[in-house]
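With our numbering as the guide, the letters of the sequence shown map in order to residues 426 to 997.
It is worth saying that the hints were derived from the structure and are not from the lab.
Treat the hints loosely; a few may be bogus.
[What the hints assert, rightly or not] Calculated cross-link-like contacts (lysine-lysine; reagent style DSS-like; alpha-carbon spacing at most 27 Å):
1) Lys787 <-> Lys733
2) Lys714 <-> Lys909
3) Lys714 <-> Lys751
4) Lys909 <-> Lys933
5) Lys957 <-> Lys909
6) Lys602 <-> Lys837
7) Lys603 <-> Lys641
8) Lys787 <-> Lys641
9) Lys603 <-> Lys751
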Amino acid sequence: MSSPLPSPRFDHFYRYDELTALLFAYAEARPNLVSVRAIGKSYEGRDIWVVVVTNLASGMDIDKPAMWIDGNIHAAELTASTTCLYYLHQLLTQHGGTSAEAQQINRLLDTRTLYLVPRLNPDGAELALADRPRHIRSSTRPYPYTEQPVDGLTVEDVDGDGRILTMRVPDPHGGYKKHAGDPRLMVPREPGEHGGEYFRLMPEGFIKHHDGLTVKLNPDREGLDLNRNFPGEWRQEFQQLGAGPYPTSEPEVRAMVEFITSHPNIGAAVSFHTHSGVILRPCGTRSDKDMTPEDLWLFQQFSALGEKHTGYPAVSIYEEFRYHPKDVITGTQDWVYEHLGALFWVVELWSPNKEAGVEGYKWIDWFREHPVEDDLKLLRWSDEKCGGQAYVAWTPFQHPQLGAVEIGGWDKMNYWRNPPPALREREAARFPAWMTQIAMSLPKLELIRTEVRALGPDMWRVRMAVANAGYLPAYVTQRALERKTVRGVIFELHMPSGDPAISLVSGKERMEGPQLEGHAPRQSQQAFLPSKQPTGDRAVAEWVVRAPVGTRLTLSASAERAGVVRTEVVLD
Numbered sequence: 426m427s428s429p430l431p432s433p434r435f436d437h438f439y440r441y442d443e444l445t446a447l448l449f450a451y452a453e454a455r456p457n458l459v460s461v462r463a464i465g466k467s468y469e470g471r472d473i474w475v476v477v478v479t480n481l482a483s484g485m486d487i488d489k490p491a492m493w494i495d496g497n498i499h500a501a502e503l504t505a506s507t508t509c510l511y512y513l514h515q516l517l518t519q520h521g522g523t524s525a526e527a528q529q530i531n532r533l534l535d536t537r538t539l540y541l542v543p544r545l546n547p548d549g550a551e552l553a554l555a556d557r558p559r560h561i562r563s564s565t566r567p568y569p570y571t572e573q574p575v576d577g578l579t580v581e582d583v584d585g586d587g588r589i590l591t592m593r594v595p596d597p598h599g600g601y602k603k604h605a606g607d608p609r610l611m612v613p614r615e616p617g618e619h620g621g622e623y624f625r626l627m628p629e630g631f632i633k634h635h636d637g638l639t640v641k642l643n644p645d646r647e648g649l650d651l652n653r654n655f656p657g658e659w660r661q662e663f664q665q666l667g668a669g670p671y672p673t674s675e676p677e678v679r680a681m682v683e684f685i686t687s688h689p690n691i692g693a694a695v696s697f698h699t700h701s702g703v704i705l706r707p708c709g710t711r712s713d714k715d716m717t718p719e720d721l722w723l724f725q726q727f728s729a730l731g732e733k734h735t736g737y738p739a740v741s742i743y744e745e746f747r748y749h750p751k752d753v754i755t756g757t758q759d760w761v762y763e764h765l766g767a768l769f770w771v772v773e774l775w776s777p778n779k780e781a782g783v784e785g786y787k788w789i790d791w792f793r794e795h796p797v798e799d800d801l802k803l804l805r806w807s808d809e810k811c812g813g814q815a816y817v818a819w820t821p822f823q824h825p826q827l828g829a830v831e832i833g834g835w836d837k838m839n840y841w842r843n844p845p846p847a848l849r850e851r852e853a854a855r856f857p858a859w860m861t862q863i864a865m866s867l868p869k870l871e872l873i874r875t876e877v878r879a880l881g882p883d884m885w886r887v888r889m890a891v892a893n894a895g896y897l898p899a900y901v902t903q904r905a906l907e908r909k910t911v912r913g914v915i916f917e918l919h920m921p922s923g924d925p926a927i928s929l930v931s932g933k934e935r936m937e938g939p940q941l942e943g944h945a946p947r948q949s950q951q952a953f954l955p956s957k958q959p960t961g962d963r964a965v966a967e968w969v970v971r972a973p974v975g976t977r978l979t980l981s982a983s984a985e986r987a988g989v990v991r992t993e994v995v996l997d
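The task is simple: from the sequences and hints, build the whole structure.
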């Protein structure tokens, strides 16, 4: 007998051991729908879990078209893990129901597979959730050097309150001052301004070998960015920080790459990050005008569905989300789409700006410069909606190196990188419907019919006809065709072996057929020229076999991203 479904808390960030226990509790509760597998180990030796969700009664996971969903590749972006867990929970609580939404989930798990990795980077997340946390970018492996810093400021929690905030130090040469209307808020000095009370701001942390005058901020000793370690457009450290010594050098990335390449049924993927409240689509390395037009249109179409379902705007990474106009950002999207030709989106969960009523800002430019009115809106949001905890009041602290300082300011981990506990489930709840619609649009191979016709007393013509019942073509994107990462539908005939009375007269045991289109219209009905392939979703294989009456033959057809169908015919 299966166990009852777990009742997770979506306002709580799970540490590794309790997350592991929760995932296996789901598998124990729904063994017909859920299995948990390790896809590899992290730098520190933790298993990286993938949750495989599909109805085993209708076939194995690898035989169905599939979607990959991951989160928490970046250490402190913990809401990404929550969002994956929320989708898993929704799938299992809805499955078996009779509502329209439940019936969609029933069909999803009958016909598709979902591979969910709630936490791709367990080591970094564990450090972010430690009693005295550190918020690094990704893996805990020291990189590019292993040495501990011998001087300078290392960012960490110095007062033991579990938060990493900002230190302000009175200094006539400081670049900040108190806002006239609200002295809690620190604002930049005006150009040429003198004669006021000024402060120097620096991250909370301890300083080694302080000379009493200068402070050097140490980069994280763990300098990797796992999202820059993928093979697509990988570049060395001098061009892209944190990329690692070579593509897939890091075990977490290698585990994902090896899993996806060994599961060619994956036709789409979503990777959850934080923060900005935006859906990001390819490309990361080139403009829309340089993309394959058919793929651009496809991404725009499904991104618009994402906007409709989630309320998040969807933008091009290259066009609107580069960290610097001269920078080119690579990541998972440049491997999953550019190399494999699968659909891919990055979702940056959560926008404190939007919560505070800040609208119409540019995603990246805002962090470089913005009006003080935006800060005042955010401060009011902290006071009115967050109990004054998003912006922490400045508190005196006797720093062992700097002397008298104050610690306070924005709690970026708990209110910027991630939403406050009460809002985490709300953010996660935006996404299941969109992800389900993507997965249900994947190609799906189905058997139309088989035919057996006698050509003589022991000669038979055998035909097998299949169709792609999905919205998307079996190859998913034009990029996949360009990169030759997908084959046409593969037909196979399996005959009893060792019987000299049975032989194949024409056709081959294995034959590659055409690429199958989906039922997505390529043009409107008002287009000048009609479609050249009104039945481009169908394919037929034919064999001539010599065999006695009553012989049983097994036929199969497979399209890597559309699944597998198998059937048996009797020669009579």
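Verification of the hints:
Between the alpha carbons of Lys787 and Lys733 the distance comes to roughly 21 Å, so the proposed pair stays at or under 27 Å and holds. For the given pair, Lys714 sits about 22 Å from Lys909 by alpha-carbon distance, which is consistent with the 27 Å threshold. With a C-alpha separation of about 18 Å, the suggested pairing of Lys714 with Lys751 holds against the 27 Å cut-off. For the proposed pair Lys909 and Lys933, the alpha carbon gap of about 23 Å is at most 27 Å, so the pair holds.
For the given pair, Lys957 sits about 23 Å from Lys909 by alpha-carbon distance, which is consistent with the 27 Å threshold. Of the pairs offered as hints, the one joining Lys602 and Lys837 holds, with about 20 Å between alpha carbons and a cut-off of 27 Å not exceeded. At roughly 24 Å between alpha-carbon atoms, Lys603 and Lys641 fall within 27 Å of each other, so this suggested pair holds. Straight-line distance between C-alpha atoms of Lys787 and Lys641 comes to about 31 Å, which puts the hinted pair past the 27 Å bound.
At roughly 34 Å between alpha-carbon atoms, Lys603 and Lys751 are farther apart than 27 Å, so this suggested pair is violated.
Hint compliance for this structure: hints 8, 9 are not met, and every other hint is.
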